[in-house]
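Peer 1: Given only the sequences and the hints, what does the whole structure look like? Please build it.
2 protein chains.
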Amino acid sequence: MPENFFAGADVGGTSIKAGICNERGDLLHLIEGPTEAQQGADRILANIRKYVRQAAEEASVPWDQIAGVGVGVAGFLDIPRGYVKTSPNLPLANVPLKEHLEGALGKPVRVNNDANVAALAEARVGAGRNVGSIVMYTLGTGVGGGIVVDGRLIAGSSGMGGELGHMPIVPDLEAIQCGCGKMGCLETVSSATGIVRMAKDALRRGDQTVLATLETLTAADVMEAAKSGDATAQRIISRAAHYLGKSMAVVSVVVNPARFVIGGGVGKAGEFLLSQVRDYFRKYALEKAQEGVEIVAAELGNTAGVIGAAMLLQDA
Amino acid sequence: MPENFFAGADVGGTSIKAGICNERGDLLHLIEGPTEAQQGADRILANIRKYVRQAAEEASVPWDQIAGVGVGVAGFLDIPRGYVKTSPNLPLANVPLKEHLEGALGKPVRVNNDANVAALAEARVGAGRNVGSIVMYTLGTGVGGGIVVDGRLIAGSSGMGGELGHMPIVPDLEAIQCGCGKMGCLETVSSATGIVRMAKDALRRGDQTVLATLETLTAADVMEAAKSGDATAQRIISRAAHYLGKSMAVVSVVVNPARFVIGGGVGKAGEFLLSQVRDYFRKYALEKAQEGVEIVAAELGNTAGVIGAAMLLQDA
Chain A
1 MPENFFAGAD VGGTSIKAGI CNERGDLLHL IEGPTEAQQG ADRILANIRK YVRQAAEEAS
61 VPWDQIAGVG VGVAGFLDIP RGYVKTSPNL PLANVPLKEH LEGALGKPVR VNNDANVAAL
121 AEARVGAGRN VGSIVMYTLG TGVGGGIVVD GRLIAGSSGM GGELGHMPIV PDLEAIQCGC
181 GKMGCLETVS SATGIVRMAK DALRRGDQTV LATLETLTAA DVMEAAKSGD ATAQRIISRA
241 AHYLGKSMAV VSVVVNPARF VIGGGVGKAG EFLLSQVRDY FRKYALEKAQ EGVEIVAAEL
301 GNTAGVIGAA MLLQDA
Chain B
1 MPENFFAGAD VGGTSIKAGI CNERGDLLHL IEGPTEAQQG ADRILANIRK YVRQAAEEAS
61 VPWDQIAGVG VGVAGFLDIP RGYVKTSPNL PLANVPLKEH LEGALGKPVR VNNDANVAAL
121 AEARVGAGRN VGSIVMYTLG TGVGGGIVVD GRLIAGSSGM GGELGHMPIV PDLEAIQCGC
181 GKMGCLETVS SATGIVRMAK DALRRGDQTV LATLETLTAA DVMEAAKSGD ATAQRIISRA
241 AHYLGKSMAV VSVVVNPARF VIGGGVGKAG EFLLSQVRDY FRKYALEKAQ EGVEIVAAEL
301 GNTAGVIGAA MLLQDA
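Residue numbers (my numbering), protein chains in the order written: chain A, 1 to 316; chain B, 1 to 316.
Simulated from the structure, these hints should not be mistaken for laboratory data.
You may find that some hints are simply not true.
Which copy is meant is left open, so a pair is good if it fits within one copy or across any two.
[To be verified] Mimicking DSSO-like on lysine-lysine, the simulated pairs with C-alpha atoms at most 27 angstroms apart in a straight line are:
no., residue 1, residue 2
1, LYS268, LYS288
2, LYS182, LYS288
3, LYS200, LYS268
4, LYS288, LYS107
5, LYS50, LYS107
6, LYS85, LYS107
7, LYS200, LYS288
Peer 2: Okay, here's the thing in structure tokens:
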């Protein structure tokens, strides 16, 4: 029997990555092209089709050996139907992505959100490859999440499984409103946006901090200043780490994963951030839910989306 | 092929229930006898064996048609090994329950904690029977929890899946220490013990309340007083409902179940409690994680433990 291959596409706001994986999840070939989101939904769909076919061709994998196509996209989805309800950074509203691509490509198609596919990839071939169950946090503009239990993604009854950024974790008295409309979501403090917001608040209050000397202000700036000993920046990063660690303590008595994996831009801060998150996790989590649990950095970087998308076809 | 039957035992502090179920989860026969916990672990094991065999005999099911035996027991367990590490109300510490019973009964045995087996029963044949995924809270002396996703229990990497009573949900400033050693666990406010503790605090502060006229004070008394309009009792029940509802908002962005099921003694308060829990859930939960989600009372009452234990044998 000839080997099966799987195509994956990671659809971002500015570019689409497409790649071909074998059954073990090895990424054989990866290409990247513009999303052309400003041209509308039809152009985005056409580009996904084009890049997926091109990736197979360049990988020298005959199209009839592609067993299926997986797509990861930022947004709120009807996962079983592969339907994009809304997307924060793409003009995709009520788009039947799975149905369209199955018709156009003649292959089984599975669609899931970007944070879930990254979690699936890390669980199978990345930072969680030798444990069955991981919970992944993707710390970027928002806080994405994905949960894999015994090798399977937890999608949830309405596709909201692993939407960890919207966990109401900040106490009411210090909560601010999230983009989702609710108060005190994790991503109001532990995302890049949250970190920059807290830094701007500190500057407005007149805090003495090296951040005041910068023309623009990014989460990476705040992280660097904290590493260099700036007290204001340290307090901000500590707060981001506090609620991340506390949210892990919460998750540990829900699904009790063997490993927490942190990825995304903010996650690149590495041990400086991770060690603080671990301290807060240990402070809050039930002792027996800490046994053998590790908090580690993601391993796959920006290829996780394509690999995880391709692996959706193997997700039971 | 003859039909398969399953035996289940629900091991409590004062009595053991044992019963026989068919493959559909119908409870054909139920017996109950004393645990004799004060006689030690060996007596408890002997009684489990005795009641299980007796239940099969009285149900007229030949022993060789019993496909396996499931046991539910309060405590922290190594679930895959069926090993009881510690139990709050039984002298079972480091007892290899599964290994012992498999040897003595000559059947496959599965062991899980009482809250998990109740959740499995409610998911399969109770309040969750027409949806795939439920999260159950058992509100008693403590707060137990069990999570079933796509028909399967989430045990967790160290057996702490669904230990919802130990979710750190009460903000630091108003948190008290839980029996587990951590601060602000859900069960410090939403269990019978938590409700009585808050009532005693109110009496010590000199609150004007009908509770002051009672000789003893139970959670049921506080619930009755709240239903009758006593302001102090209402504030206490409202606080218990607040953190229950908020914990469901948290769980809804982790596993996003279709239904939350509330059982246990405190859960018997019915709509008076449920309607308040629903209000807080709606206040805190991500809108998209509320879609189609229901919060309902458990249906199986005190037979859930035996039925769920028997169904462990069918849990993939």
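Peer 1: For LYS182 and LYS288, with the copy left unspecified, which applies at a CA distance of at most 27 angstroms: within, between, both, or neither?
Peer 2: between (32 angstroms within a copy, 11 angstroms between copies)
Peer 1: Should LYS288 paired with LYS107 be assigned to within, between, both, or neither, using CA atoms and 27 angstroms as the limit?
Peer 2: neither (45 angstroms within a copy, 30 angstroms between copies)
Peer 1: Which holds for LYS268 with LYS288 at a C-alpha limit of 27 angstroms: within a copy, between copies, both or neither?
Peer 2: neither (29 angstroms within a copy, 30 angstroms between copies)
Peer 1: Between the shortest in-copy and the shortest cross-copy C-alpha distance, which are at most 27 angstroms for LYS200 and LYS288: within, between, both, or neither?
Peer 2: Cα proximity of LYS200 and LYS288: none, with 39 angstroms in one copy and 30 angstroms across.
Peer 1: Should LYS200 paired with LYS268 be assigned to within, between, both, or neither, using CA atoms and 27 angstroms as the limit?
Peer 2: within (22 angstroms within a copy, 49 angstroms between copies)
Peer 1: Are the CA atoms of LYS50 and LYS107 at most 27 angstroms apart within a copy, between copies, both, or neither?
Peer 2: For LYS50 and LYS107, only the intra-copy Cα distance (14 angstroms) is at most 27 angstroms; the inter-copy one is 57 angstroms.
Peer 1: From the Cα coordinates, with 27 angstroms as the cut-off, is the pair LYS85 and LYS107 best called within, between, both, or neither?
Peer 2: within (22 angstroms within a copy, 50 angstroms between copies)
The structure fails to meet hints 1, 4, 7 from the earlier list, while all remaining hints are met.
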